[in-house]
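Participant: Just so you know, the protein sequences line up as chains A and B, in that order. Going by this note's numbering, the first sequence opens with residue 306, and the numbers climb by one from there. Going by this note's numbering, the second sequence opens with residue 176, and the numbers climb by one from there.
Simulated crosslink set (BS3-like; lysine-lysine; CA at most 27 Å straight-line): (1) A:446 / B:327; (2) B:327 / A:381; (3) B:327 / A:332.
It should be emphasised that the hints constitute simulated quantities derived from the structure, not laboratory data.
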Amino acid sequence: MRMVLWVLGLLCCVQAPWAWAGDEERKLEAVFIGRFASYIEWPAKPRDRFVITLLDDNPFGSLLDDLYRDKRIHNKPIELRYATRLEQVGETDALFITLTSSAARAAAIDYAQRNGILTISEAKGFAESGGIIQLDFIEQKARIKINHGAALKSGLRIGAPLLTIATVLRGDKP
Amino acid sequence: MFDRISIRYKLIVLLGLSAALALLISSAITIYSTYLSESRSSLRVLHQLTDVISENMRAALAFADAGSANTMLASLRADPHILLAVVNDESGRALAEYRSAGLSTAAEPRFRAEVQGRILESAEALRREDGFVEHIDNDFMAVVRPVFFDGKPIGLLVVVSDTQLMWAKIRELVLLQAATSVLTLVLLLFLSVKLQSLFTRPIMNLVAAMQDVARTKNYRAVLGSDRRDEFRNLYDGFNAMLADIRERDDQLSRLATTDALTGLANRRNALDVMQTMVARAQRKDEPLGVIMLDIDSFKNVNDRFGHPMGDLVLQEVSLVLQASARDYDLVARLGGEEFLVVCDCGTQEVTIAVAERIRAGVEGRQISGPAGEALQVTVSLGVYSAVPRAGAEDIEEMIRAADKALYRAKEAGRNRYVVA
Chain A
306 MRMVLWVLGL LCCVQAPWAW AGDEERKLEA VFIGRFASYI EWPAKPRDRF VITLLDDNPF
366 GSLLDDLYRD KRIHNKPIEL RYATRLEQVG ETDALFITLT SSAARAAAID YAQRNGILTI
426 SEAKGFAESG GIIQLDFIEQ KARIKINHGA ALKSGLRIGA PLLTIATVLR GDKP
Chain B
176 MFDRISIRYK LIVLLGLSAA LALLISSAIT IYSTYLSESR SSLRVLHQLT DVISENMRAA
236 LAFADAGSAN TMLASLRADP HILLAVVNDE SGRALAEYRS AGLSTAAEPR FRAEVQGRIL
296 ESAEALRRED GFVEHIDNDF MAVVRPVFFD GKPIGLLVVV SDTQLMWAKI RELVLLQAAT
356 SVLTLVLLLF LSVKLQSLFT RPIMNLVAAM QDVARTKNYR AVLGSDRRDE FRNLYDGFNA
416 MLADIRERDD QLSRLATTDA LTGLANRRNA LDVMQTMVAR AQRKDEPLGV IMLDIDSFKN
476 VNDRFGHPMG DLVLQEVSLV LQASARDYDL VARLGGEEFL VVCDCGTQEV TIAVAERIRA
536 GVEGRQISGP AGEALQVTVS LGVYSAVPRA GAEDIEEMIR AADKALYRAK EAGRNRYVVA
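Using the sequences plus the hints, can you model the full thing?
Facilitator: Here you go:
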């Protein structure tokens, strides 16, 4: 029993730095969502708000609300929505996908492409699957992968400064 | 020592010094002005570079992409004058850095410390989106610019460059300026050697003329000039001075040769002129007539009427003498009331005629004194005429003969002439 407790305690200590690293990455991720939007042009929409929707699990807690309260993107106040199913997404400008199923992600990507929505995810292979921005963190450093072809299909224009710092896929290849 | 140098060389030296000073001042101003404009221009170029980098760096800073930031800064390698470039994130940590291989390890700490100091001094300026900090000194220049994203500062870009290009341009200008100045100075000196004569020649001519006059005592010289400037005034002044001297000389000459009261030749001049007349008469074997005369009872005139009246009588008698003698005869006052007339080509008949004219003229002359008194005087005359014989007859002998005749005229009752 003592051994079990000792091992559990050891695991907690070892896990703590990882948890701290994960928090920092979440914060960066949350900030990056807004910053991505600054480098992207959408086709003209009649909405008077800039809508960011989170699809499926919310890994940010209240971080997005705190970060984007009273902020503006493209001179529009930001509205945050949280959806658990694709059907709940509705009209949105940016869609952050945390779906774990690749099929579900593919459906979401397809929906987004038809409706001119920016798709962002940290799932592996997201950009290759047609998602627009895939965000990875390696040792707390962001790696951005952009599927430029997917963006164009969605009717979105991505600014050169963002393309410059990202790995850009044209089609499904860099 | 400077006083002894010729005016020609003084002028050249002065022109040369003036030109050199003017060139020096203008060169200094030009070089300083160039330093200022080159500094501004160099900083402007650095600002433009920093603007471009910060624009491109925004995305890298926004997404904390150190790799992209380093890649962007690495492109600065293309410019060998960029020594250092640093991108700091909003917390002040370096996101990316570029360090030139040519950056001296000894100088680097000073650059960093200087830039850091400037950043701290100008923290307020760096909080504005259009704010910046710049620094330039002899060794390096730097521009620091904040990078903003959506109105918030997300980082700081620092670019440090050397000043070699600027100093190279200034060195080039200094050399060019020096060469131009030397060339200009040489040209000016050459021109001044040529042109100084415009000023010195009139002066040297005047000096030569003055020296000539001083040596020859020829005050009748007139210095001619076709100039229309101040030298003309100088020449005119010199000529006027010579004219004054001539007039004074003539006056002195007149004073030396004429009797002040009557204007007739004085004794000394009379003897000189008579010498000439005798010599010519001897040469031409012509007679010379000599008349010695004096005013009868002149002492009584002075005693009775005073010396002023006496002087008036002498003057009146002189007028009669001049009117009675011919133009080429010598009329002189020998002293007191004694006069001499020498008739050129004076035969006895001619000399007697002149003597009679004088006697009658004086006798008939009414002399009015200053107080209204009326006076008449007479003269006694001794006449002698002969062809001067070389060696035997001389002036004294002729005058003595005439004088003896005058004495006989006095003895005979005055107011008459007697022929020797």
